[in-house]
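Turn these sequences into a full structure, and let the hints steer you where they fit.
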Amino acid sequence: MSEALCREGAAWVSAVTGTRWVGVIGLEVHAQLATNSKLFCSCEVRFGAPPNSLTCPVCTGQPGSLPVLNAAALGLAVRTALAVGADVAAESKFDRKHYFYCDIPKNYQISQYDRPFCTGGGIRLASGRFVRLTRIHLEEDAGKAIHDRGEHTLVDLNRAGVALIESVSEADLETPEEAVEYLEALKEIIRYAGAGEADMEKGQLRCDVNVSVRPEGEAWRTKVEIKNLNSFRHVREALEYEIPRQIEAYESGESARLPRQETRLFDASAGVTRTMRTKEEARDYRYFTEPDLPPITLTEAFVERQRGLLCELPQARRRRYREELGLSEYDARVLTGTREVADYFEAVARLCGRPKEAANWVANDLSRALADPEVAAGSIDELPVKPFDLAELIELVAAGTINTTGAREVLGLMVAGSGSPREIVAERGLEQVDDEASLEAWCREALEGREQVAADVRAGRTKAIGAVVGPVMKASGGKANPQRVREILLRLIAEDDQPRP
Amino acid sequence: MTDPERDLVRHTAALARLELDEAEVDRLAPQFAAILRHFRVLESVEVDDAEPMTGASGVRDVLRADEVRPSLAPDAVLGNAPRSSDGFYVVPKTVGGEE
Ligand SMILES: [Zn+2]
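Chains as they are written, first to last, in our numbering: chain A, 1 to 501; chain B, 1001 to 1099.
If you're looking for bench data, these hints aren't it; they were derived computationally from the structure. Model, not experiment: these values are computed from the prediction. Hints are not guaranteed to be accurate.
[Stated by the list, open to error] Computed list of lysine to any residue pairs in SDA-like fashion (alpha-carbon distance at most 20 Å, straight line):
| id | chain 1 | residue 1 | chain 2 | residue 2 |
| --- | --- | --- | --- | --- |
| 1 | A | K106 | B | L1078 |
| 2 | B | K1093 | A | A441 |
| 3 | A | K479 | A | Q452 |
| 4 | A | K97 | B | T1054 |
| 5 | A | K144 | B | V1091 |
| 6 | A | K144 | B | A1056 |
| 7 | B | K1093 | A | L265 |
| 8 | A | K144 | B | T1054 |
| 9 | A | K106 | B | M1053 |
| 10 | A | K144 | B | L1072 |
| 11 | A | K97 | B | A1076 |
| 12 | B | K1093 | A | K97 |
| 13 | A | K97 | B | P1052 |
| 14 | B | K1093 | A | E151 |
| 15 | A | K106 | B | P1052 |
[Unchecked claim] Partial selection, computed: residues in chain A whose CB lies under 7 Å from chain B:
| id | residue |
| --- | --- |
| 16 | S37 |
| 17 | K93 |
| 18 | N210 |
Beta carbons: idealized from backbone N, C-alpha and C, even for Gly.
Right under this line is the structure:
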């Protein structure tokens, strides 16, 4: 962004003209549905299989083959629609969208044009802004064309025919940050709905951006489409480049620079968008009804069955965690990161009856273990620590059997698969030491040669006591009850102050 | 012969990535015109009161269970292609297509 533009909240303000510009952003998001087989044939859906090993006459477009709709894909699509509050159509159909490219063997993609399975709905951002969804429709994926291996293009059709939903938003977003927040929320909903993993790295979530700019309060102008966005970061960076580019073009007043309706590609290494230099005719997909697929009725019973399979969504969970369980916004956010973690946390909280402690352990220690490459757990469900075990550990701490330091050690052993917390505590003698005589002996030892600490405490700086608690805990092998240690230390220092007989 | 019909032939060919020379455009333009004349007859039928049709057979709701069946062997599929290499179809370089 040049110095002539300055970001003020959601607006870009021109230093030259004083105009306040805002972005107008809409997103088209393709998400892969988590089905076993493709949308219209029984070929397996698998990432990383040898090229062209998962194809058949249907997904390679052989003459005479007939597509048949995958019932599971329809169910997952409807579940996603319900999760974003969309209206599910009573009847839907498929259409052929024609284009000629090497990744699409039939020369058309089976998609939905004028009768998508749902319309409306939307996603609310943290700011309160409601981003409307125009529609979500079902379609088949294209194959993969590889251009960077030699002088020819290589084509792999394993992905051709995989079930996708395309979610089209209204141009209700204004900033790069909002665009990313919307994408994260949509990804979260797709995952919670169980509709897909929405992993961008695996290409399960792909996004095209439509963006234009306008002076605040004015009508929107020519929009530009940006493609080739492979991560949320790319979406943000592309918009951070493209919005000022368009504003500066308008501010320059040079007609040659004015944004025109076009597709631009994001160049991630340079952080810029560039005109797609292909001779592209105006979009003309010649849609017509797919004659090989009869229409589908989405009965109320079917829709309600899908609703029943939908779990509580992340936004609702976060609100409940804050309002009913008294958790912080931060913890609520960490715990709802994935449905598995949220379900896990809720199971622990239910079993031990201590939601705040459960939140701490799951959001901190367990999340750390999960992120540890040595633990090699893909998701929280794969950890050897089950909700029942963690609840037991929390109860041991609450009952004073072990202290928090000891509990951390126990958890480490639990993650390594060494057994239940009770077993580990008993085997390793990790019970907290409450015995007054032992504690006092450690405390006296630690106070020796630390007169300054005692003096500080006497002068009212009780916090100074921490410098002695550490050595006591160390002497006890981490087993001393820190609360009792603190009390004894304060007592000893106070006694020491009394005139000796 | 009017120019719009020649343009239509060129546009349709471009969409299908077909290259036509002027002689071919000359030959196809009147054929397109004849076909479109037939469609104009159909277009003149009053259909405002008719429900849009979604199929001719009357069949509805044909679905299959989400079950995997074996795919074709790569060799068998690629054997039908003019050119293949290392399990891939090999086609002329086509960077920057649609979608
Ligand atoms: Zn197939």
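_Violating hint indices (sorted, rising)_ = The structure breaks hints 2, 3, 6, 8, 9, 11, 12, 15 and 18; every other hint is satisfied.
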